[in-house]
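Novice: Sequence:
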Amino acid sequence: MFELEQVLHRVQKPARYVGGEWNAIYKDWDKTAVKVAFAFPDVYEVGMSHLGLQILYHVVNSREDALMERTFAPWVDMEREMRRRGIPLFTLESHRPVRDFDILAFTLQYEMTFTNILNMLNLAGIPLRSHQRGPEHPLVIAGGPCAFNPEPLAGFIDLFVIGEGEEVFHELLDLYLELGGHRADRRHFLRRAAGIAGIYVPSLYRVEYHADGTISAIEPAADGVPPKVIKRVIRNFDRAPFPVKPLVPYLGVVHDRGMLEVQRGCTRGCRFCQAGVIYRPVREKSPATLLQQASEIVKHTGYDEISLVSLSTADYSRVQEVVRSLLDQLGDMGVSVSLPSLRVDAFSVALAREVQRVRRASLTFAPEAGTQRLRNVINKGVTEEDLMEAVSAAFAAGWQAIKLYFMIGLPAETGEDLRGIAELARRVLARGRELGVPGNRLKVTVSASSFVPKSHTPFQWEPQVEMEELRRRQKTLRGLLKEKGLVFHWHEVETSFLEAVLARGDRRLDRVLEEAWRLGCRFDGWSECFDFDRWQEAFRMAGLDPAWYAYRRYAYDDLLPWDHIDAGVSRKYLVLEHKRAMEGKATPDCRTGRCPGCGLCPTLEIEPEVLDRAEGVSG
1 MFELEQVLHR VQKPARYVGG EWNAIYKDWD KTAVKVAFAF PDVYEVGMSH LGLQILYHVV
61 NSREDALMER TFAPWVDMER EMRRRGIPLF TLESHRPVRD FDILAFTLQY EMTFTNILNM
121 LNLAGIPLRS HQRGPEHPLV IAGGPCAFNP EPLAGFIDLF VIGEGEEVFH ELLDLYLELG
181 GHRADRRHFL RRAAGIAGIY VPSLYRVEYH ADGTISAIEP AADGVPPKVI KRVIRNFDRA
241 PFPVKPLVPY LGVVHDRGML EVQRGCTRGC RFCQAGVIYR PVREKSPATL LQQASEIVKH
301 TGYDEISLVS LSTADYSRVQ EVVRSLLDQL GDMGVSVSLP SLRVDAFSVA LAREVQRVRR
361 ASLTFAPEAG TQRLRNVINK GVTEEDLMEA VSAAFAAGWQ AIKLYFMIGL PAETGEDLRG
421 IAELARRVLA RGRELGVPGN RLKVTVSASS FVPKSHTPFQ WEPQVEMEEL RRRQKTLRGL
481 LKEKGLVFHW HEVETSFLEA VLARGDRRLD RVLEEAWRLG CRFDGWSECF DFDRWQEAFR
541 MAGLDPAWYA YRRYAYDDLL PWDHIDAGVS RKYLVLEHKR AMEGKATPDC RTGRCPGCGL
601 CPTLEIEPEV LDRAEGVSG
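If you use the UniProt record's numbering, the sequence shown corresponds to residues 1 to 619, in order.
For the record, the hints were derived by calculation from the structure and aren't laboratory data. Where is the CB? At the ideal position from N, CA and C, for every residue including glycine. There is no bait here: all hints are sound.
Computed spacing ranges between beta-carbons, pair by pair:
| no. | residue 1 | residue 2 | range |
| --- | --- | --- | --- |
| 1 | His170 | Val225 | 15 to 23 Å |
| 2 | Leu51 | Glu537 | 32 to 40 Å |
| 3 | His95 | Ala586 | 50 to 58 Å |
| 4 | Gly302 | Val254 | 14 to 22 Å |
| 5 | Glu64 | Val254 | 27 to 35 Å |
Kindly produce the complete structure, drawing on both the sequences and the hints.
Specialist: Right, dumping it as structure tokens:
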């Protein structure tokens with residue numbers, strides 16, 4: 001179909017576009033009432049590593065009256081061939097044009113994929129602007145972490161799902177069918193959809209601005225539209241739908257292994273971390289559920305590695321028990337267990353030895369800052385002693401390479417904090433030598449990303465450090481980390497700058513996004529495609545200054561572009577946390593039994609045993 005076979009030999013990695021993977025689901029098009037295309041605005045290898053895709057694919061295809069197929073952003077070579085031959089954006093399962101579907105659902109995982117969304121709409125033959133679409137076009141919806149500031153995309157998306165989508169997706173599909181499916185009046189559907197908890201319809205809200213460009217009002221533009229959209233949360237996570245027959249890609253992908261979600265949410269409260277807010281509260285799965293799901297995943301996929309997925313897997317209250325049980329159950333089959341997210345204060349020799357019983361995976365720790373003072377500012381809640389104990393356990397258990405993640409440009413960062421990163425890395429390297437790791441194999445990789453202020457966090461009011469200063473700090477670190485056994489990686493400051501602009505942006509940025517796309521911006525998160533000059537030209541053409549968004553310090557009483565999106569954590573709490581950060585004061589983890597008062601749990605009315613199965617854990 002669409003001359004696809006004649007194109008594949010002309011592009012890199014043709015397996016990105018053919019489909020046919022193990023466990024792919026094919027339904028009768030003519031006998032299925034509602035058709036959904038799930039769109040991941042990046043390449044296949046990235047999208048197929050995303051657990052959310054697998055979950056929603058399972059959720060929708062479990063319904064007899066609905067189907068979900070997948071589409072990904074075509075790489076530049078494939079886009080060139082598609083445009084040259086008039087091939088529209090298509091799905092992998094049926095190779096049907098995306099425009100033939102009832103709903104096109106984008107996931108918003110990263111701000112630097114926003115131009116890919118516009119490009120995919122254009123390739124599909126769907127008007128970019130929501131107000132330009134008619135009954136012949138699919139509804140364009142979006143969800144994911146970037147939906148918690150949806151405003152830069154507000155002009156292009158018909159509705160956003162705020163929060164977890166497993167339940168709300170069913171409610172949307174039910175409403176769509178109730179109102180007549182593709183025959184439903186688009187405006188009427190959107191008005192009704194706005195009444196579903198967790199649904200934000202940007203066309204039903206009015207934004208007004210002061211003369212200086214700051215926001216003066218964000219208000220419903222129609223009766224019955226809620227002034228705030230409150231995120232959706234799965235109450236009973238242990239019984240949440242989960243795919244035990246996940247799609248198995250033929251092509252090597254970023255995370256090519258079975259994924260087992262052990263918990264959702266994090267109680268640590270790192271003040272820069274958006275995920276720690278938007279996925280609250282912590283909810284765990286029982287060991288029995290996890291063991292059953294792992295066994296089914298291995299049975300239906302043949303994977304030889306199961307990754308225990310969460311924001312902080314070592315915080316799962318029964319992690320050692322589950323790791324031990326999984327290896328007892330699956331180890332004889334050659335199946336290993338990996339823990340991709342480890343906290344430096346939750347690692348133990350026993351856990352290290354359990355994990356590497358079958359095969360040794362890489363280990364990554366995230367101290368985030370080089371000094372205890374700055375770790376207190378960001379509420380990281382770990383010490384140098386914690387890190388040294390963790391890496392000592394890892395080296396003693398046989399690991400020879402350790403990765404350390406840090407962030408530079410954090411609020412209140414000083415030169416001493418930068419020197420602290422290098423000193424900490426050297427101490428880790430020295431500990432490896434002390435414990436007998438061969439010098440030619442011992443490696444400590446230091447990765448330093450640039451701080452990006454995100455919505456709904458205590459640092460949402462903070463500006464980003466200017467690009468030239470970030471470059472200076474990166475240069476300083478490069479000079480401090482020149483030693484055998486140390487490797488330094490860093491992020492390009494221009495990319496981090498634009499990420500901050502889009503993360504803090506308002507509706508006016510839709511003009512910039514459209515101009516940038518028309519100038520050829522694609523795959524902006526990929527260094528080989530990113531063109532900062534084009535972005536600067538797009539801002540010039542739109543008459544907007546990107547520095548105003550990235551470098552502006554907000555006041556507590558400013559109306560923020562995302563203030564009508566409610567992540568559940570109170571503004572009062574975020575202000576308190578920001579003040580405590582500036583004072584260098586830490587806030588205890590709510591798992592200690594001391595509730596920090598974020599305000600989330602009482603509003604959700606979730607039973608304590610559902611919030612967390614760990615004995616003695618407070619929500």
